[in-house]
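Undergrad: So the chains spell out like this:
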Amino acid sequence: MTPELYNFILKTADDCFILGHRNSEWTGFGPFMEEDIAFASMAQDKIGHAWLLYKMLDENPTAAETLAFKRAEKDFKCCHFVEQPIGEYDFSLMRHFLFDHADQLRYEMLMNSSFEPLAHFAKKFKGELKYHTMHADTFILQLGNGNEESKARMQSALNFCLPLALGIFEAYEGEQEIIAQNIFAGEKVLQAKWLEKISPIIKDAGLQMPDMASLQAVNGGRHGFHSDYLQPLLKEMREVVDAFPDAKEW
Amino acid sequence: MQSFDPRVNRIKPIEEKTEMNIGEAWEPYEVFHQKKRGDHHIHVGSVHAPNAAQALLFAKEQYGRRQNCVNMWVVKTADVTQFQYDDADIFETAIDKEYREAYGFKVRDKINAYKKANP
Amino acid sequence: MYGNGYTSPEEAAKQKPDPLAGEDLQQLALFEERIAKGEKIEPQDWMPKEYRRQLIRMIEQHAHSEVIGALPEGTWITRAPSFKRKLALIAKVQDEIGHAHLLYNAAETLGKSREAMINDLLSGKSKYSNVFNYPATTWADVTVIGFLIDGAAIVNQVINAKGSYGPYCRALERICYEESFHLKQGHDALVHLAVGTKEQRAMLQDALNRWYRPIIHFFGPSDKASVHGTLLMKWKVKMASNDDMRNQFLDQYVPKIRELGLDFPDPKLNKNAEGIWEFSDPNWDEFFATINGNGPCNAERLAVRRWAEEHGRWVRKALMNPNQKQVLPLS
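Chains as they are written, first to last, in the working numbering: chain D, 1 to 250; chain A, 1 to 119; chain H, 1 to 331.
If we strip away everything but chain D, and leave its shape as in the complex, we get (with noise of 0.2 angstroms):
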């Protein structure tokens, strides 16, 4: 495997692994039973396609466990928006929406890979990230709609999320030769066909779109430069595999 596409599907991979982990956090603290449940799947998925992209990266068995538990801060590549702690549904469901969106849509164009694994993977995951946009629309529709307090809150959260959802767009090393050897067509195309998905839906819910020129990206993520929530919660997933370094299985 090239380093620019081992570099490319580590970053997908990251992005889905620490969102999903930061999701289960809500697991038996959701804020209705049936959404409790919902919510927990969610976080399932994504921490599944994860680890299916991580074994694809390297076949040995232990590698996906490797690169999940043991590896460095700094050889993460996943986006700010993803290491931000889970806060109050409103942050937690805005996050879900808009990071879903692009997962759902960089997926959708990685069916026409020219590499060929992740096409595959791509038409496998299209049920669950299908699941999960329509899940996050509904919600988002609802609750911009909903009452003064949550049209309040999810316009706020939209605020705090854009900055760091373009994030999600960042180049990252090999961009180049990714595009050029179609493997995906990079990360400036996905980010205007999410823009244009999302738009619809945030004017839809009643909710405001600011001046997206305005706004600066939250950015250092593909390059290994994290934010200040990384390293504790690598700590924290870390601390029984930590504490029994002569341990080879679980």
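Keep in mind that a hint or two might mislead.
The list that follows gives simulated cross-link-like pairs (lysine-lysine, BS3-like), each with its CA atoms no further than 25 angstroms apart [unchecked claim]:
id, chain 1, residue 1, chain 2, residue 2
1, D, 70, H, 112
2, D, 151, H, 317
3, H, 112, A, 17
4, H, 317, A, 76
5, H, 198, D, 235
6, A, 35, D, 123
7, A, 36, D, 130
8, D, 130, A, 35
9, H, 198, D, 126
10, H, 84, D, 248
11, A, 36, D, 126
Bear in mind the hints are in silico, worked out from the structure with no lab data behind them.
Quantities reported herein were computed from a predicted structural model and do not represent experimental measurements.
Assemble the complex: chain D is given as a structure, and chains A and H must be docked to it using the hints.
TA: Frame of chain D; chains A and H shown alone:
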């Protein structure tokens, strides 16, 4: 309060009395799932939801996350009309209605007798 | 995950000397005849007030136990040590919430709203399984809960699934099916610790030591003298005595711990010649103190649930439909 759960240490658990107000649990919808094309939709339980679209989203994960499913219906519980169990006797019948069952019609003996008599 | 209906002294005091006073005897005879024949009771059926009251109490306690039971195991949800364990634990805790959901619906068919049940949980008025008032202090606790507490719950739930109330039986059937996955994943994770490094094994033994007493408490104090021949047994609300269920559990599970060369911290734990498991006095005072709110985690469990309800309120309120009706789920 120091918890063994790091998630709990990130929130401020609430010591004071708090209540869920009536109506916050929305209203029930009955859920029917279809395991595969060609099958009937079968009642599997209910979900509470603020509207039908939301009820479907919830039903999908609560009743579809573990089993095969190709379709689901949700129906507002308030819209279901049913008999009373007290009236279950209306399903009982006075005579064995063999006149409307296949087993009620047997002429093989007559045919055999006819064939024997008319070789 | 649920042990058994627990009647607090306050509840017992509320019990009328004649629970059938004022009931229509002709209806009662039909009702009891139906149960004796093995038929199920459905929500719209006539039923004695005492039957309804006891079932609400029991199903509600069971539902609360699932919701609260999600918390001790959820303690390790961000720290599960591999992909498989991480996914299995999220799925398992999610199932507990799913079970609570099925059970609240079943209890609602008897006439108590979900809101009222949640409020009785939050105020401490309703009880839940005592075992969840203990902390899950290490990863090994997750494996012990997954294998032994779920194992104990299955014993109870399989028996109760043969009870008389249709909606509860239907919910339990689905729950038992899912619990078999819980048990397997719990056993798998526990065995991996037992055959792992000596540190992993030591962590497991320590967890077994700490959970032994709560596990013995799980089915509640002996009620053999009081339940046999009572209305609850006759009405198939209670299907077996606490001692019988505990014995069945010990019979199934003690050998599965001992075959790994591990044991519970009780030299008296042994099966006698009559097939009855004997054990040291498990200090029932501790059980009563815990169930009445003085266990190590009671305050935290409820405070976390209050946080979840309070912080979810804006979502629930925003989506409320002005035309929504107060109705009960059908079945």
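Undergrad: Tell me if the straight-line CA distance from residue 198/H to residue 235/D falls inside 25 angstroms.
TA: The hint holds at about 24 angstroms.
Undergrad: If you draw a straight line from the CA of residue 35/A to the CA of residue 123/D, is it 25 angstroms or shorter?
TA: holds, 22 angstroms
Undergrad: Checking one constraint from the list: CA of residue 84/H to CA of residue 248/D, max 25 angstroms. Satisfied?
TA: Holds: residue 84/H and residue 248/D sit about 14 angstroms apart, inside 25 angstroms.
Undergrad: Please verify whether residue 151/D and residue 317/H have alpha carbons no more than 25 angstroms apart.
TA: Since the Cα atoms of residue 151/D and residue 317/H sit roughly 12 angstroms apart, the hinted pair holds (cutoff 25 angstroms).
Undergrad: Has the given pair, residue 36/A with residue 130/D, been kept, meaning a C-alpha gap of at most 25 angstroms?
TA: holds, 20 angstroms
Undergrad: Within 25 angstroms, alpha carbon to alpha carbon, are residue 130/D and residue 35/A?
TA: holds, 20 angstroms
Undergrad: Within 25 angstroms, alpha carbon to alpha carbon, are residue 198/H and residue 126/D?
TA: violated, 44 angstroms
Undergrad: For the pair supplied as a hint, residue 317/H and residue 76/A, is the alpha-carbon distance within the 25 angstroms limit?
TA: holds, 19 angstroms
Undergrad: What's the verdict on residue 70/D and residue 112/H, does the C-alpha distance respect the 25 angstroms limit or exceed it?
TA: Given that 25 angstroms is the threshold and the Cα spacing comes to 50 angstroms, the pair is violated.
Undergrad: Between the alpha carbons of residue 112/H and residue 17/A, is the straight-line distance 25 angstroms or under?
TA: Holds: residue 112/H and residue 17/A sit about 20 angstroms apart, inside 25 angstroms.
Undergrad: So if I understand the rule, the pair passes when the alpha-carbon distance is 25 angstroms or less; does residue 36/A with residue 126/D pass?
TA: holds, 20 angstroms
Going down the numbered hints, you'll see the structure goes against 1 and 9, while the others check out.
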